[in-house]
Every structure is written in C-alpha cells, then in structure tokens.
Amino acid sequence: MTGQAYAGRPNQLLRNLHSKIASIPMILTAVVIFLGGTLWTVFYSFTNSKLLPRLSFVGLDQYERLWAAPRWLVSIENLAIYGFFSLIFSLVIGFVLAALMDQKIRFENAFRTIFLYPFALSFIVTGLVWQWVLNPEFGVQSVVRSLGWTSFTFDPLYNQSIVIYGILIAALWQGTGLVMCLMLAGLRGIDEDIWKASRVDGIPMWKTYLFIIIPMMRAVFITTLVIIASGIVRVYDLVVAQTSGGPGIASEVPAKYVYDYMFQAQNLGQGFAASTMMLITVAIIIVPWAYLEFGGRKRG
Amino acid sequence: MDDTVSLKARAAHGASRLAPGPQGKKPRPMFSPRNIMIYGALIFAAAYYLLPLYVMMVTSLKGMPEIRLGNIFSPPLEITFEPWVKAWSSACTGLNCDGLSRGFWNSVRITIPSTIVSIAIASVNGYALANWRFKGADLFFTILIVGAFIPYQVMIYPIVIVLREMGLYGSLTGLIIVHTIFGMPILTLLFRNYFSSLPEELFKAARIDGAGFWTIYFKIMLPMSLPIFVVAMILQITGIWNDFLFGVVFTRPEYYPMTVQLNNIVNSVQGVKEYNVNMAATILTGAVPLIVYFVSGRLFVRGIAAGAVKG
Amino acid sequence: MKLRLLAAALAATVVLPFGAASAADLEVTHWWTSGGEAAAVAELAKAFDATGNKWIDGAIAGSGGTARPIMISRITGGDPMGATQFNHGRQAEELVEAGLMRDLTDVATRENWKEIVKPSSLLDSCTIEGKIYCAPVNIHSWQWLWLSNAAFKQAGVEVPKNWDEFVAAAPALEKAGIIPLAVGGQPWQSAGAFDVLMVAIAGKDVFNKVFGEKDAEVAAGPDIAKVFKAADDARKMSKGSNVQDWNQATNLVITGKAGGQIMGDWAQGEFQVAGQKAGTDYTCLPGLGVNEIISTGGDAFYFPLLKDEEKSKAQEVLASTLLDPKTQVAFNLKKGSLPVRGDVDLATANDCMKKGLEILAKGNVIQGTDQLLSADSQKQKEDLFSEFFASTMTPEDAQKRFTDIIASAD
Chain A
2 MTGQAYAGRP NQLLRNLHSK IASIPMILTA VVIFLGGTLW TVFYSFTNSK
52 LLPRLSFVGL DQYERLWAAP RWLVSIENLA IYGFFSLIFS LVIGFVLAAL
102 MDQKIRFENA FRTIFLYPFA LSFIVTGLVW QWVLNPEFGV QSVVRSLGWT
152 SFTFDPLYNQ SIVIYGILIA ALWQGTGLVM CLMLAGLRGI DEDIWKASRV
202 DGIPMWKTYL FIIIPMMRAV FITTLVIIAS GIVRVYDLVV AQTSGGPGIA
252 SEVPAKYVYD YMFQAQNLGQ GFAASTMMLI TVAIIIVPWA YLEFGGRKRG
Chain B
1064 MDDTVSLKAR AAHGASRLAP GPQGKKPRPM FSPRNIMIYG ALIFAAAYYL
1114 LPLYVMMVTS LKGMPEIRLG NIFSPPLEIT FEPWVKAWSS ACTGLNCDGL
1164 SRGFWNSVRI TIPSTIVSIA IASVNGYALA NWRFKGADLF FTILIVGAFI
1214 PYQVMIYPIV IVLREMGLYG SLTGLIIVHT IFGMPILTLL FRNYFSSLPE
1264 ELFKAARIDG AGFWTIYFKI MLPMSLPIFV VAMILQITGI WNDFLFGVVF
1314 TRPEYYPMTV QLNNIVNSVQ GVKEYNVNMA ATILTGAVPL IVYFVSGRLF
1364 VRGIAAGAVK G
Chain C
343 MKLRLLAAAL AATVVLPFGA ASAADLEVTH WWTSGGEAAA VAELAKAFDA
393 TGNKWIDGAI AGSGGTARPI MISRITGGDP MGATQFNHGR QAEELVEAGL
443 MRDLTDVATR ENWKEIVKPS SLLDSCTIEG KIYCAPVNIH SWQWLWLSNA
493 AFKQAGVEVP KNWDEFVAAA PALEKAGIIP LAVGGQPWQS AGAFDVLMVA
543 IAGKDVFNKV FGEKDAEVAA GPDIAKVFKA ADDARKMSKG SNVQDWNQAT
593 NLVITGKAGG QIMGDWAQGE FQVAGQKAGT DYTCLPGLGV NEIISTGGDA
643 FYFPLLKDEE KSKAQEVLAS TLLDPKTQVA FNLKKGSLPV RGDVDLATAN
693 DCMKKGLEIL AKGNVIQGTD QLLSADSQKQ KEDLFSEFFA STMTPEDAQK
743 RFTDIIASAD
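Chains as they are written, first to last, in the working numbering: chain A, 2 to 301; chain B, 1064 to 1374; chain C, 343 to 752.
Take these hints with a grain of salt, some might be off.
What the hints assert, rightly or not - With a straight-line cut-off of 25 Å between C-alpha atoms, the simulated SDA-like cross-links for lysine to any residue are:
id : chain 1 : residue 1 : chain 2 : residue 2
1  : A       : K197      : B       : M1100
2  : B       : K1336     : B       : I1106
3  : B       : K1198     : A       : K197
4  : C       : K571      : A       : Q161
5  : C       : K517      : A       : T154
6  : B       : K1198     : A       : A23
7  : B       : K1198     : A       : A111
8  : C       : K696      : C       : G617
9  : A       : K105      : B       : N1159
10 : B       : K1149     : C       : K556
11 : C       : K396      : B       : I1106
12 : B       : K1149     : C       : I398
13 : C       : K517      : A       : T151
14 : A       : K21       : B       : I1106
15 : C       : K556      : A       : A70
16 : B       : K1282     : A       : L18
17 : B       : K1336     : A       : K208
18 : C       : K653      : B       : K1282
19 : C       : K517      : A       : V144
20 : B       : K1149     : C       : A384
21 : A       : K208      : B       : M1100
22 : C       : K581      : A       : F153
23 : A       : K21       : B       : R1097
24 : B       : K1282     : A       : A70
25 : B       : K1336     : C       : K396
26 : B       : K1336     : A       : V145
27 : C       : K396      : C       : I470
28 : A       : K105      : B       : L1362
29 : B       : K1198     : A       : W207
30 : C       : K599      : B       : K1198
31 : B       : K1149     : C       : E385
32 : C       : K742      : A       : D62
33 : A       : K105      : B       : R1097
Said to hold, decoys possible - Pulled from the structure, derived: some chain B residues nowhere near chain C, Cβ distances all over 12 Å:
id : residue
34 : I1222
35 : E1228
36 : L1308
37 : S1359
What the hints assert, rightly or not - Over 12 Å on every C-beta distance to chain A, these chain C residues come out as not near it, computed from the model:
id : residue
38 : R410
39 : R432
40 : L437
Source of the hints: derived by calculation from the structure; they are not laboratory data.
We put the CB at the ideal spot given by N, CA and C, even for glycine.
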C-alpha cells in the first residue's frame, strides 16, 4: 500500500523528507503539548505547588489526599454513570434515528437539520436552556402541574440523587445529532446488494442491522466512539452551566475538580494529581486500543 | 473492498445520496402502519430536539412581567423585541453596557483565521499520514488521538507557559495556535481517513509522473476533497465560535469573543434574572454556527460519509 | 504558503493598538457585576477618570471563582492588567512572592496609609516582608442576617431580634408558603453562613482558635458541635431556595419570598438598588443578633508589575485615588461596605451601616476567613458545606470532616 510502497529505500532521514517537514506541526503538538504537557503535569503532581509551580516534592501526599476527598469520589462515580449512559444512549439513539432517516422518508433535510442543530450551540447555551426547561418553578414541572396533576415532580437539577441524569438529558440533546449524522453516513455507504440479498434470504430487518450492517460499519463506530468518549472524559462546561456541580456536590465531575483545585483553591499539586489520575485512566483504556487501531500496518 | 463500491456509488449519485437506502425504489403508500411508525418516531424525536429552541424563542419575545406569570411554553401575548435589542446593544457587565455587539467582531476575527490555519495544518497532516507515512508517524498520531481525551483545563497551565516563552501570550496569534492544537486530533483523523479512501491509483500515477509531496497535495488531493473540507470547516467554526475558556484565558479583553459577553450577561444578575434577555443573547450567540448548519447541513452528511466511513 | 504572512500580519495588528493607546489607560479587572456592585465600581472609575487617566473596565461575571483563574493566568502569562481586585487576604500571596506584583510602599508611606487605614489588620494583610503590595478599598463583614419585614408580617409573627427567635419563627413562615432562610447554591455561600454561625454561637475565641490557630481539638469539641446543630437548623430552613447566585437569594428576601438570608453586608447594595429602606422594609442583625462581632475582610486592589512607565505612574495615581476620602465615601455607600479609613464622614450612611460602624469603633472585630485560611483550605471547607447543606449528612459526620480539614489546614 502507498505508505510502504516507498519504504524500502535507503537514506533513512531524508526519505520522505517533505512529509516529515509537513508533519512538524503535528509532531510538535503531539510531543511538546500533549506529551510534554502531560509529563510536566505528572511531574508537578508530586510537589506541593500552590498557586505557582515549584519544586518541593511531597511524594504521594497529593494522591492520598485526592482519594480521601469525598468530592473526588463523587466526581468519579458521576463520570462513570454519565459516561456509561451517555455512550449507550448516544449510540442507540443516534443509530435508531439514522436507521429511520434511511427509510427513504420525505422531509429528510428538515429532520436532519432539526436533529443536528443543537450541535451548533455551545455547552453554555445548552446548559442554560435546559436549566430553564427543567426549572421546577417555570419549566416542565410547573406546566404539568398547571394542567391539573399537582403532585407531579420533575426537578432533576434540584434533586441530588438524579441530578446527573438531568445533565445527561441536555448532553444527549446536544450530541446525538452528530452521532446520527455519522451513522447515517455509514448506512449510506452500505451496498444495496446486501439488503437485497438479506431480503431474498428472508432475514428479518432487525437481524440484518444487528448482524450484517453494524459489523460492516466498524470504521464509523470507531470515529463515533472517539468523538463521544473524548467528549465524556472532558465534560465540564455543561455541568458548570447547568448546575455548577450542585446541589451540593452531587453533580461534580473530575474535570471540574481539576479546574477548581488548580485555580480556585490555588493548589496546583492537587489539581495535577487529579489530572494525572484522569490521564492514567484514559491512557490505560485508549493507548493499546489506539495503537492497534491507528498504529498497525493495515489500511482500510 | 467497500472503498471502491462506495466510490462508484458516490460517483453515480453525485449529489445528495451516496447509495440508495435499504428499501428498494418502490414508493410506499403514505399511511401504511410502517410509515406511521417511522414518522411517529421521527416527529416525537423532533419535538424533543425542537422544544428548547421553541422555549428560547418564545421567552425571548416576552416581557418580564409575562414571564413571571406564565408558563414557559405559552406563546407571547404581546411580542416585544426589546430583549433582543438589549442583549445585542445595551446589556451590562460591570461598566460596559454595550451587550453582545462588542464581542461579535472579535469572534469573527478569532474564528476565521483559526479555522483556516487549523484546517490547513490538519489536512496536510492527514495527507502525510495517509499517503506518505514515515517511520514513527503512527506513534505521533496515536499520541494525538489520546490527546483528544485530555480535558482542556489540564492543559491550560503548560500552554500558558509555552505561550509566555514564545512571547505570544495574550495575542490573537497565540489564541489561533491554541485552537489549532486542540482542533488537530479530530481533524487529522477525519482527513487521514478521507485521503486514505481516495483511490490509490491516482496517487501512484502521479508519483510515476514525478510529482512530489506538495504537487500531489495541491493538484490532486485538494480538488477532490471539498466534502471533507466542508465538514472540517463546520466542526471548527462551531467549536471555535462557541469556545469560552480559551478566549478568556489566552487573550486580553479587547479580543474577548462573544461567548465571554454571553457569560457576563447571563451571570451578572442585576436584581432579577432577565430570562428574556438571556434567551435572546443565547440565540444571538448561537446564530452564526446555526446559519452555517442550515446552509451546509446537506454537505455535512456527505462529507462525514467520506471522512468517517473509511478507517 | 501565505499563512505565515497572515500570521505575521495578524500579530502586527495585535501589537499596534496596544502600543498606540494613550499611556494612561489602565485596565482594571474585577468580578463586581451585580447591580449594587456595578454602581459602586462606577464611582471608582469616575474618580480615576477625573485624574486624567482612563479606567478600562475588565469585569468578569460569575463571582471570584470564574474570574480569579483568568486574572492569575494573565499575570503569570506575562500579559498583566493594570490593576486587579482580589479578596483581601492570601489569594495573591504567591504572586507577590514570585515578584510579579508591584511594591506600593512608596505610595503608602507618602500618603501615610499606616495611620489612616483602620483596623490596621487590613494593611497587615497587604504587607509581605515589610512591603505593602495592595490597596484595601473596603471592609466587608459577613456576620449579618437580613430579614424581610413583609415576609414576617405575612406570616403573622414579629420580626425576630436574634437567630433563636428566627429559628422559632420558621414554622410560621413555612405555613405561609415562605422559605424561612434563603441560601444560594454557590459553595462559598454555605461555607460563609457556617462561619457566621460559628462567631455568633461559639464566640470570638473559639473562632480564632479554630481558624486562626487551626486547633483541631477545639474543632472537634462541644462548642463546634453546637454550631453544627445550628447549621442543621439552617439547612432545614433553607429547603426550597432553588437559586444559585447570592443576589438571587437576596432578591427572594427583597420580594418577601424568603424570610431571611445570612449574607455579608454587600447584600445591602441590592436592597438599596431595589429602593428598600433599612428598618421599614428590611431588618439587619449584625452577628445574627447574638454576638455583635464583625469580621474585617474585604476587597483590595493589587497592581501587577508593569514595564510601561506611564502605566506604572497611573497605577500610583489609582492606588491613592482608591484611598481618597471622597472616593471611599462614594464607593462604600453604594457597595454597602465600610470604609477602610476611620477619618471619613459617613453621615449619609443608613441604619445598618451605622450599626456596623459602631461595632467597628468598639473594636469588636475578627479577621475574615480569607485572611486566616489559604484558598486551598477555604475550598475544602466550601466542598464540605455545600454538600452538607444539600444533603442529609448528619451534623456529627460533618463535624468529623470539618475537624480533618482544620487539622490539615494552612
């Protein structure tokens, strides 16, 4: 394949020189910013840096404190719940909508625009609107009550035990349109002969989707997964805009812990320890997979 | 194998669809139970997606007394555009009472160069990764993809230091660089996928004719990649226009983007929260990416199909 | 590629307007964006503009938590503003130690700040290794209970005179559909309310032992247990106040939807903007009517070290303007805070402010927690109390965690 077609030539450094030069921005970003920044962060997580980074090492103190902090534990738990449901629902809703859109329907453009437009809005806007819709005094709850069901209660943003689902509702609203688009694009890439064949064999439609079509859409699922998962790990703005982590600390997330401790508490060491934990978790899950997926010799 | 198939299909269908959907060509009667189910589900979903927009619109057209009384879903009894005017030109933060208008041009000034620079760099990266892979390139790419998972907040401090050392902290150039860095992972992934889905024969033929790295990029690859450029453009315009954190941390006030004013308007409560002004400000801030979506939504799916489908 | 040219051109446009601007423009960042606060800042700007310089307002909304990271990034990133607000205390300590802030000792000696700034602890907080690094602008005290007279009238009970009466009146308020105590959701509000309860219920000495000396034994003791009991009452009384911002909570009191609010004297600015009168429309109880002691935290302006000489001069002018008697009066009347100098005439002050001035004159003061604790310990405290106020955590558990925080505090 193209990459390897020119791999056999001598003169290691000069080979493919233009490509290397063109890749300098990427290499710099990868090495200096992502790798360098990460190492720098890990390094300073072993210090007791306060407002400014300084080299006074305290061993694992920051980590001990981190894992003893109730707020950090709540954050982790929230991220797990949010991540799990967000991943499942984004994929399921996105795929189902895409499958529906792919049924030769009328007004496809209108529907697609409707599903996709929330993605154009920032998390600040999303959070604000849903805060408003879910506000018990003005929003859904008060409307249902005014219709006569006076005991109706729907106040996810003010109820500690379900607040994270209130955030999930807004996140899905914002993000599933893009997933739908990706899936739709994938479905459009499937050869029609496959459908014909499956119909001839009398395989039910859902089985065709589940066992034939979805496995063929592997690449789409991978791109989608990268986009959804990276969004989950980084979730911050939405929480700030909707609840600021409240009520109490019920909707805190790790990225917010990092930010708050780095800048509000002026305890860089603690913030860095929290980021290191996040980075390690990401690395354990992502690196082997990413290297297999993107680093292997195969090309699709 | 599906490369060539879909390419053929794309060539055949050209415009809106890559390949026909699963249902053959026979149009069905409009009110079959199956259609009722499909449209029912779609309309139900559409309602969920449209509800917040509807709430935003009607709220922004109401006066404050009406908001206090009514429910958020009822249409305005008396339409007023005052909240819009206020949000755009006179809402206050501290002493500055010029609403969102102050940030609009800054957002334009930030978004345009950042979008161009980040796409230019990511497309070349993707091209190099797809067609001119060198030893170690995969490693860098893997780091880049993992980088997509790093929360932005974590990177603020190291980047402040890097920009300070480069003497770019607080400048527009610095902000453009930051946007380029954080747009790079996803964009590079999309471009790489797209370029590797293009027929290899083209590339080989050009090589035999003696064309080099840049010639092939500009003469062959670029003209074929409109769809993926549209996708990249949409993603970047949306992302950069909506950014708050970088805009406020890496620049100084004269360059603050519109989202900073939005945050200021929404968060600086003077007396009661003026929900109507907040909603108008929200819609105004979202207007540019929304328009981009409405205009180029069709190209978006097509481009995604090209960029994401092939691994 | 044209990109490099483009970047260069952009960089050029970036540099130009900055250099060309009048040298005496001074950008001032702060997070004063509520109605009363904005009116007060306008007074500072007016006074500074009158000196021939220009105040460029850099307000960042969303309380100190949003604004401080931005300010600190600007200063450490090497593109500092002309002056910036911080809470009086230890928030800027390290910036000073890193040599990023400007030494104001010259201005301070020339204008004799040591004599005029009262209480002197304010200037002490600005002083690091004998040098003065900030200009205090006001004294804010936390220890106030604001009550809505209308709400109590509606509930058919007398306006309480102290915390215990207030707790006793809570059921009547609830019956009338009024939230007894408004507490906003931002973490600093619940943490602050607890500190206030501590001074009122356990007294000055306990407060100083716990926060000043970080005495974990006292923190675990019976005095603090009583405070947690009171906090438990406050928690029950605050059920249903679904607001975030402090001034929205104040607004609940102004509109009679809530009976009262424990909030610093800055709440007064909101009552004033709403056209309410102390005594007739609302009642204020310093020290919750139990222990009339107020803390003397506040806001101060810090001045980053600048290279531009003209601007450095403007910084000096601003510093002295901030402490000017006239500015002090105008600013503090609007802000609802007390002036930092004892020699100004506040004849126009309202009843609540006069109460505050009296207590100040008697010397019944303590230092604010921002002065006593590091931002880190403050944040841990905020996490604890925002959780406590929103959950069903028992007071005993909360006290245990509180003790841990105090034991490791710095």
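How the hints compare with the structure:
Between A/K197 and B/M1100, the direct Cα distance comes to roughly 23 Å. Compliance with the 25 Å bound is thereby established for this hinted pair. Pair hint B/K1336 plus B/I1106 does not hold up; C-alpha atoms about 33 Å apart against a cutoff of 25 Å. For the proposed pair B/K1198 and A/K197, the alpha carbon gap of about 44 Å is over 25 Å, so the pair is violated. Between C/K571 and A/Q161, the direct Cα distance comes to roughly 22 Å. Compliance with the 25 Å bound is thereby established for this hinted pair.
Distance check on the hinted pair: C/K517 and A/T154 sit about 20 Å apart at the alpha-carbon level, within 25 Å; holds. A threshold of 25 Å between alpha carbons decides the hint, and for B/K1198 with A/A23 the separation of about 14 Å falls inside it, so the pair holds. A distance of roughly 46 Å separates the Cα atoms of B/K1198 and A/A111; the hinted pair therefore is violated under the 25 Å criterion. Taken as a hint, the C/K696 and C/G617 pair is honoured in the structure, with Cα atoms around 18 Å apart against an allowance of 25 Å.
Under the criterion of a C-alpha separation no larger than 25 Å, the hint pairing A/K105 with B/N1159 is inconsistent with the structure, at around 53 Å. Between the alpha carbons of B/K1149 and C/K556 the distance comes to roughly 50 Å, so the proposed pair goes past 25 Å and is violated. For the given pair, C/K396 sits about 57 Å from B/I1106 by alpha-carbon distance, which is inconsistent with the 25 Å threshold. For the hint linking B/K1149 to C/I398, the alpha-carbon distance of about 22 Å falls within 25 Å, and the restraint holds.
This hinted pair checks out: C/K517 and A/T151 have alpha carbons roughly 18 Å apart, not beyond 25 Å. Between A/K21 and B/I1106 the alpha-carbon distance is near 51 Å, which puts this suggested pair outside the 25 Å criterion. For a cut-off of 25 Å, the pair hint linking C/K556 to A/A70 stands: about 19 Å separates their Cα positions. Note on B/K1282 and A/L18: the hinted pairing holds, with a Cα-Cα distance of about 19 Å set against a maximum of 25 Å.
A distance of roughly 52 Å separates the Cα atoms of B/K1336 and A/K208; the hinted pair therefore is violated under the 25 Å criterion. For the hint linking C/K653 to B/K1282, the alpha-carbon distance of about 53 Å lies beyond 25 Å, and the restraint is violated. Annotation: proposed proximity of C/K517 to A/V144 holds, straight-line Cα distance about 24 Å (limit 25 Å). At most 25 Å may separate the alpha-carbon atoms for a hinted pair to count; B/K1149 and C/A384 meet this at roughly 20 Å.
This hinted pair checks out: A/K208 and B/M1100 have alpha carbons roughly 19 Å apart, not beyond 25 Å. For the hint linking C/K581 to A/F153, the alpha-carbon distance of about 18 Å falls within 25 Å, and the restraint holds. A distance of roughly 55 Å separates the Cα atoms of A/K21 and B/R1097; the hinted pair therefore is violated under the 25 Å criterion. About 58 Å separates the Cα atoms of B/K1282 and A/A70, which puts this hinted pair outside 25 Å; it is violated.
Between B/K1336 and C/K396, the direct Cα distance comes to roughly 31 Å. Violation of the 25 Å bound is thereby established for this hinted pair. At roughly 23 Å between alpha-carbon atoms, B/K1336 and A/V145 fall within 25 Å of each other, so this suggested pair holds. Restraint check: the Cα-Cα separation between C/K396 and C/I470 comes to about 29 Å, which exceeds 25 Å; the hinted pair is violated. Restraint check: the Cα-Cα separation between A/K105 and B/L1362 comes to about 18 Å, which is no more than 25 Å; the hinted pair holds.
Note on B/K1198 and A/W207: the hinted pairing is violated, with a Cα-Cα distance of about 44 Å set against a maximum of 25 Å. Only pairs whose Cα atoms come within 25 Å are accepted, and C/K599 paired with B/K1198 is rejected, the gap being roughly 69 Å. About 24 Å separates the Cα atoms of B/K1149 and C/E385, which keeps this hinted pair within 25 Å; it holds. For the given pair, C/K742 sits about 21 Å from A/D62 by alpha-carbon distance, which is consistent with the 25 Å threshold.
Restraint check for A/K105 and B/R1097: the C-alpha separation of about 12 Å stays at or below 25 Å, so the hint holds. Some Cβ of chain C comes within 12 Å of the Cβ of B/I1222; the nearest lies about 9 Å off, and the non-interface call is violated. Non-interface call for B/E1228 relative to chain C: violated, since the shortest CB-CB distance, roughly 9 Å, does not exceed 12 Å. The non-interface label for B/L1308 is inconsistent with chain C: the shortest C-beta to C-beta separation is roughly 9 Å, within 12 Å.
Residue-level check passed: B/S1359 sits 24 Å from the nearest beta carbon of chain C, beyond 12 Å. Its closest Cβ contact with chain A, about 6 Å, brings C/R410 to no more than 12 Å, contrary to its assignment away from the interface. Not every CB of chain A is more than 12 Å from the CB of C/R432 (nearest about 9 Å), against its label as outside the interface. Not every CB of chain A is more than 12 Å from the CB of C/L437 (nearest about 7 Å), against its label as outside the interface.
Hints 2, 3, 7, 9, 10, 11, 14, 17, 18, 23, 24, 25, 27, 29, 30, 34, 35, 36, 38, 39 and 40 from the list above are not met by this structure, while the remaining hints are.
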